[in-house]
Amino acid sequence: MNASSGGEVRLTGISKTYGSFTAVHPLDLTVPQGSFFALLGASGCGKTTTLRMIAGLERPTSGTVLLGDKEVTGLPPYKRPVNTVFQNYALFPHLDIYENVAFGLRRRGVKSVKKQVDEMLELVQLGGFARRKPQQLSGGQQQRVAVARALINHPQVLLLDEPLGALDLKLRRQMQLELKRIQTEVGITFVHVTHDQEEAMTMADTVAVMNAGRVEQLGAPADLYENPASTFVANFLGQSNLIEAEITGKSGGDLLLKVGDGRLALPAERCSARSTEVGTRVLAGVRPEKITLAHADDTDAIDDGRNRMNGTIVDSSFIGVSTQYVVSTPACPELAVFEQNVERDHRLIPGAPVVLHWNPAHTFGLDAGQDIEAGTADLEADQ
Amino acid sequence: MPVVNWIRRHLVVIAGALALAYLILPNVVVMVFSFNNPTGRFNYEWQAFSTDAWTNPCGVADMCDSLSLSLQIAVYATVGATVLGAMIAFALARYRFRGKGATNMLIFLPMAMPEVVMAASLGTLFLNMRIPFGFWTILIAHIMFCLSFVVTAVKARVMSMDPRLEQAAQDLYATPAQTFFRVTLPLAAPGIASGALLAFALSFDDFIITNFNAGSTVTFPMFVWGSAQRGTPVQINVIGTAMFVVAVLCVLVGQVLGSKRKARA
Amino acid sequence: MTAVAQAPAPVKPADPERSPAARRRRRVPYLLLFPGLAWLLIFFVAPMIYQASTSVQTGSLEKGFKVTWHFATYTDALTEYYPHFLRSVLYAGSATALCLLIGYPLAYTIAFRAGRWRNVLLVLVIAPFFTSFLIRTLAWKTILSDGGPVVSGLDTLGLLDLTSSIGLTEGHRVLATPLAVVCGLTYNFLPFMILPLYTSLERIDPRLHEASGDLYAKPLTTFRKVTFPLSMPGVVAGTLLTFIPATGDYINAELLGTTNQKMVGNVIQSQFLRVLDYPTAAALSFILMAVILVMVTLYIRKAGTEELV
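Residue numbers (the numbering used here), protein chains in the order written: chain A, 204 to 586; chain B, 725 to 989; chain C, 14 to 322.
No wet-lab data here; the hints were simulated from the structure.
For each label pair, taking beta carbons as the anchor points, the in silico distance ranges come out as: (1) 228/C / 737/B: 20 to 28 Å; (2) 128/C / 321/A: 43 to 51 Å; (3) 823/B / 429/A: 51 to 59 Å; (4) 905/B / 338/A: 21 to 29 Å; (5) 334/A / 973/B: 30 to 38 Å; (6) 832/B / 334/A: 42 to 50 Å.
Since the model is a prediction, treat every value here as computed from it, not as a measurement.
Quick reminder that beta carbons are idealized off the backbone N, C-alpha and C, glycines included.
Modelling step: build the complete structure from the supplied sequences, incorporating the hints.
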């Protein structure tokens with residue numbers, strides 16, 4: 204299918220203000236041709252506004268939108284070679300599935316649409332549903348109609364605005380793979396807006412994390428996850444333990460940190476704090492699943508080179524594949540630890556004294572001058 | 725006491741049924757008295773059964789002329805009010821512009837004002853402008869007071885439409901004109917239809933405003949009004965009953981068709 | 014990884030607010046509004062202003078009218094016709110209260126008790142509209158006729174003695190008494206009460222009733238504390254839709270009453286169409302509007318629903 208040039212989206216200095224409210228601060232962004240690009244953020248972060256400016260449904264207050272080398276900033280939506288899969292799909296209730304899918308072709312004056320529509324309905328596995336009305340289809344089927352209706356036009360870019368938001372969890376996982384398959388098959392640039400970090404990481408090659416009208420960080424999912432550059436990204440993408448620390452010295456490629464009365468090592472290249480001078484306060488971060496939990500009696504068995512902290516288990520919840528512990532340490536009252544349930548140590552119950560230890564290479568450093576709570580669950584929940 | 729208990733449990737329904745009877749009773753009386761054979765000029769007391777009025781519905785001088793005039797005015801007023809009203813409704817529901825609050829107020833006022841006040845003031849204007857009362861003054865007045873009701877009905881419908889449907893159409897290469905005719909208008913059709921029906925009913929049945937602005941022109945309600953003074957022919961009841969039966973049949977057929985369509989879905 | 018663009022060629026800054034397309038788009042709503050609003054301005058607002066000036070004019074049909082700022086027309090009209098105003102407010106108020114009393118059980122039944130009969134009942138509520146309301150109002154002459162089943166029934170029960178003693182009826186008749194006029198008004202405007210009531214009742218989640226019962230409320234308490242407060246928007250809309258037109262009505266008083274039951278509407282009508290005293294008709298119209306405005310404002314304050322306007 205169509206994968207011609209021009210699928211690159213280039214935003215330069217684009218911004219949107221409504222009265223005194225700035226939805227999107229001036230923003231530069233390039234989405235490479237053929238990529239699956241996700242805009243991730245909580246509701247109200249400006250991700251949908253950004254998408255709508257690409258679609259032409261919103262006029263930017265400043266800046267330009269380029270598709271390939273063509274500037275489209277002033278073009279109305281019906282003159283742009285992009286199509287959108289809308290939130291809640293926006294299928295025309297007065298038209299059947301066939302006419303919904305054929306809508307774009309007909310508007311562009313294509314005479315014989317039957318072959319293309321039939322093919323497209325096959326692609327999304329809805330061959331037998333052509334004459335049904337949208338409201339007679341299930342949520343997952345409607346979602347696929349919305350994708351078919353957009354893709355049939357061979358857009359240079361397909362925009363997806365929370366396309367899976369209305370589906371239940373199981374169906375959502377299934378449709379994520381389905382969309383990924385379709386994208387690989389047609390090779391079109393996909394720009395996907397979502398508030399679900401797992402969805403963004405599963406599907407996209409590149410994720411841009413947005414917060415309060417700005418892109419906080421942009422990169423491959425694994426890269427973002429392992430090397431968050433801000434507390435927002437660290438907390439919003441997965442879960443992080445952030446520990447207040449102070450730089451006390453350097454040793455090889457590592458920064459040495461003082462945490463409460465303990466010490467940690469942090470690879471210097473994984474620290475995004477503005478300064479790495481001795482005496483600087485930083486936030487040392489580590490993902491809960493990187494931490495190993497040992498009972499205090501087994502302290503001697505831990506390798507010397509590992510970061511370690513002493514603490515007491517406050518709470519443990521068994522969730523099948525893993526057990527999640529909350530551990531209280533002198534430096535940090537609530538550290539999260541995820542342990543795979545391979546061999547369970549029955550001494551690890553609330554009240555037990557424990558040692559947390561992890562590979563120093565898994566530690567990341569953040570500037571201490573930001574909100575340590577930014578991007579935690581309560582922000583995520585209001586979608 | 726099971727009877728007392730039953731009554732207590734169904735007290736609301738019994739009161740509701742009585743209210744319904746109160747609403748329907750006059751229609752029943754109108755229907756029954758369309759078969760009366762009154763002795764005097766007035767058809768208020770039951771005398772004897774007769775189908776004379778039904779076999780000769782236009783047997784009264786001028787009645788059927790007034791009926792056709794009323795239908796004519798109602799059709800024109802409906803078209804006028806629906807076109808003008810739907811345009812206003814679209815502007816109010818889909819655009820932001822200066823003076824929206826004032827516009828909403830202007831639409832609301834005619835509905836919140838006693839008809840007799842509007843009737844007298846419009847009549848005063850026509851009188852002073854020396855515009856002769858008649859067909860055109862009635863039509864102008866009817867479009868004026870039906871307009872607000874159409875706006876309200878259409879606006880409610882358009883507001884409840886997902887704006888993303890129109891955006892989707894634009895996204896799928898429909899120009900603004902195509903978007904309007906292919907998506908907006910078909911989706912708004914039920915609202916426009918109910919607005920038009922309301923306008924038709926209001927115009928056809930209007931008396932007060934017509935009374936002040938008709939001059940010597942006689943619409944059907946004016947004819948009935950006059951006959952209440954001069955003498956009520958049985959044919960009035962025939963027309964009333966026929967309209968009632970036809971309208972109820974239309975509604976019932978619509979309901980059956982609607983439920984069939986739902987069953988097929 | 015950063016993905017900041019190097020802009021190709023010179024990209025001129027877009028100024029979307031000033032493009033011709035945007036200007037055209039901004040004009041669209043005004044073009045849509047113009048014909049309809051012009052109609053209302055010419056045939057609704059202008060007549061109101063014209064009538065305001067008429068109300069302070071003096072003169073006669075033969076010699077023509079002139080603006081003389083003759084405010085005495087207002088005081089004269091009030092002193093001469095205050096009983097009619099009083100009657101209008103009284104009759105319309107009673108009819109509105111009766112509509113609420115009669116309409117509520119029916120709206121409630123349709124909303125919660127009708128099951129699959131709901132649509133049929135709704136059709137029955139609207140159906141009377143299909144017969145011209147003048148014809149239906151005349152039917153009340155038959156229903157309330159002297160010695161008819163309704164009147165003799167009421168008489169046998171002794172109810173007519175009761176209503177006579179408070180001046181609602183006279184002797185053994187109902188027709189040509191205040192009761193007949195109120196009865197006609199109630200009948201004519203009942204659907205305007207029932208439909209908004211039904212709309213607001215229908216929106217109430219029936220589970221709220223169950224929740225209330227679950228929390229130890231008796232059915233009557235549930236009604237007082239849950240159902241009725243939630244139906245307030247319908248109550249307010251219904252009473253306004255009933256009271257305003259009922260106050261200005263003159264048809265029921267004319268057809269079912271006598272000169273002793275005439276309301277303001279009757280006076281305006283006869284001043285305008287028979288006496289041809291246009292200044293008095295205009296002044297009466299404005300006083301009527303003012304009376305209604307004051308009462309409606311007071312009522313909305315009291316009912317606490319201002320979202321209607």
